[in-house]
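**Student:** Chain by chain, the residues:
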Amino acid sequence: MSKLELVFKEKSKRILNVYCTAGYPSLDSTMKVMTSLQKNGADIIELGMPYSDPLADGEVIQVSSIKALANGMNIAVLFEQIQDMRKSITIPVILMGYMNPILQYGFENFCKKAKEVGVDGLILPDLPLFEFEQFYGKIITENNLDFIFLVTPETPDQRVKKLDSLSNGFLYAVSSSATTGKDKDFNVVAQYLQKLQAMQLKNPILVGFGIKDKATFDAATVHSQGAIIGSAYIQQLTKGGDIETTTSQFLNSVLGA
Amino acid sequence: MNLFNVDENYQNPTIEGYYGDFGGAYIPEMLYSNVETLKKQYLQIMYDPIFQAEFQYLLKDYVGRPTPLFLAERLSKEIGATIYLKREDLCHTGAHKINNTVGQIILAQRLGKKKIIAETGAGQHGVATATVCALKGMECVIYMGEKDIERQAPNVARMKMLGATVIPAKSGSKTLKDATNEAIRAWINEPNETHYIIGSVVGPHPYPDMVARFQSVISEEIRKQLKDKTGSELPTHVLACVGGGSNAAGAFYHFLNEPTVQIVAVEAAGHGVHSGLSAATTQLGTPGILHGSKSIVMQTSDGQVVEPHSISAGLDYPGIGPLHAFLYESKRGIFLSATDEEALASAFHLSKIEGIIPALETAHAFSVLPKMNLKASDVVVVCLSGRGDKDLATYMEYL
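Residue numbers (the numbering used here), protein chains in the order written: chain A, 3 to 259; chain B, 994 to 1392.
Honestly, I wouldn't trust all of these hints.
What the hints assert, rightly or not - Far from chain B, some chain A residues (derived; all Cβ distances over 12 Å):
#1 Q83
#2 Q85
#3 K89
#4 Q106
#5 Q136
#6 D215
#7 A217
#8 S255
As the list claims (entries may be wrong) - Here are the computed lysine to aspartate or glutamate pairs in the DMTMM-like style, where the Cα-Cα straight-line distance is at most 25 Å:
#9 A/K117 to B/D1295
#10 A/K163 to B/E1029
#11 A/K163 to B/E1009
#12 B/K1108 to A/E156
#13 A/K140 to B/D1014
#14 B/K1032 to A/E133
#15 A/K197 to B/E1009
#16 A/K69 to B/E1009
#17 A/K114 to B/D1295
Claimed, not checked - Here are the computed distance ranges between Cβ atoms for each label pair:
#18 A/F137 to B/E1251: 56 to 66 Å
#19 B/K1129 to A/K13: 52 to 62 Å
#20 A/D30 to B/M1154: 45 to 55 Å
#21 A/K15 to B/L1104: 16 to 26 Å
#22 B/A1150 to A/K140: 45 to 55 Å
Think of the hints as simulated: they come from the structure by calculation, not from any bench.
Cβ coordinates follow ideal geometry from the N, Cα and C atoms, glycine included.
Construct all of the structure, not just a fragment, from the sequences and the given hints.
**Tutor:** Here it is as structure tokens:
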């Protein structure tokens, strides 16, 4: 059983997955941020690999990515930073990023290295289904990494089933067709999540996009196993200050601890 | 890695949008449904007789087509070959861009869309989009890099006068690349009501193919006009400047499968190909993914897209359409480049010897003519993609 599966087996509700940008706010803060997230109640860490042109992300995450790149972050540096992460991080870690930097690194090497340092899964929003099935999916599977597809309210049911069947760990439900960091109408989101629930999918559902505080986390997790917070956390980090304090305050406020 | 069948016919990508290794649709799921609808319907809609009737009518009576194929006698004498100019600069709004926007606006109406978004670099595509939106009574939002808004003020004023909202792209390098990112994001945020009119043969499949087909009217006319003038439909060379490559795709399209016709693409070398300030993508780029398709991209060794430089905002793009990447890789086309300085010199020279002030983008194409070792028997068609009115501020600095 993979680490991700285990998380959902042990805790079926209110799973909290928090996104952070590698190399942000400073180049060497990656491990500090991850440690704080684990300590303060995150169940999964989604570690973003910064890219100059992140199409699926909103302004907050793009600004953090540009800063991280300016700080000197890239895939090779990231793997160095997290090579010993399994000495301290016990929760699942997922790498999120865009195809171009990975292709330049070498897709196969990337998957091998990711597995070697203890990464559990990948979210690559601009890797299309066609190319996944033709070529890349096999490499990901061979390296025992989980792959998580995104689905949106506009994704046709048949396609949701297909993307679910190819995903492992969980399925990432985008709360509405929008980039990250936008406010959502949660009644519409609830209806969508109920529909997904009724489809009896193989994977648990984590809801992303628009989750920013306790109210939205609570609303999103009524009809799903958990939610993903990104922009709202990055915004807190952007304010500066001690990472541990910022993270503990923010996660406590979201979880209502 | 060559996973994808190469269609021998250079014009047509595979069903998944591949020209050789290049193309595809590397898009987040949030865009899937919109792009899939387009992919399933674009050919059917485009070749529907009622669509074609409206498209052809607007090309003729609104755009002013066919545009002339003009024998540039003084230039021919100087170069020592027969040079024809395809006068896309005489299109309504001053460039070839409107061929595509007319087509896409009718298509958007067929898809039931209410709002149009577009990106623009120099502002020509923005103006062409705002123009057809005014014509059809559609809401129009144009994304333009903050830097480009400063350097292309007249076109910004035109777009506003035509009723469009111009939104400055403030992210990243604040130029065309980032305007494109912002436009794609805006589309993600409002997918149902909105159609995104991409201005070049870039973006996810089916955009490169769709835009190439709308622009292919350029080479369709060249063949007919050349036949009338010379007795043969085929020139020896077709030349066009390439940023993303839409005028080039249109000028090359109906010659791609004619092995006797030499395809020549001219990129912007900025201060010089290896100066660090250049936009010569095929010379400096490597295979990569940008704006939803796999192509040749100017990037760092760790895959971050770099900011190019060209004096012409329309060529200031770190990628190239996947069709052109394939023409380059397969050696079907030859790719040359011209520097800022050479382009400026050509713009002034063409103005003086033919009485035509070209756009800075277009001027790049003329710069390579003297270097091509052309023979007296050669018949060369240069796509004169746009007029120079928008570049007057730059030209005035050199008067």
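**Student:** Each hint: holds or not?
**Tutor:** Hints, one by one, checked against the model:
no.	hint	verdict
1	Q83	holds, 15 Å
2	Q85	holds, 18 Å
3	K89	holds, 26 Å
4	Q106	violated, 3 Å
5	Q136	violated, 6 Å
6	D215	holds, 21 Å
7	A217	holds, 22 Å
8	S255	holds, 27 Å
9	A/K117 to B/D1295	holds, 20 Å
10	A/K163 to B/E1029	holds, 17 Å
11	A/K163 to B/E1009	holds, 21 Å
12	B/K1108 to A/E156	holds, 19 Å
13	A/K140 to B/D1014	holds, 19 Å
14	B/K1032 to A/E133	holds, 16 Å
15	A/K197 to B/E1009	violated, 30 Å
16	A/K69 to B/E1009	violated, 35 Å
17	A/K114 to B/D1295	holds, 17 Å
18	A/F137 to B/E1251: 56 to 66 Å	violated, 34 Å
19	B/K1129 to A/K13: 52 to 62 Å	holds, 54 Å
20	A/D30 to B/M1154: 45 to 55 Å	holds, 52 Å
21	A/K15 to B/L1104: 16 to 26 Å	violated, 41 Å
22	B/A1150 to A/K140: 45 to 55 Å	holds, 54 Å
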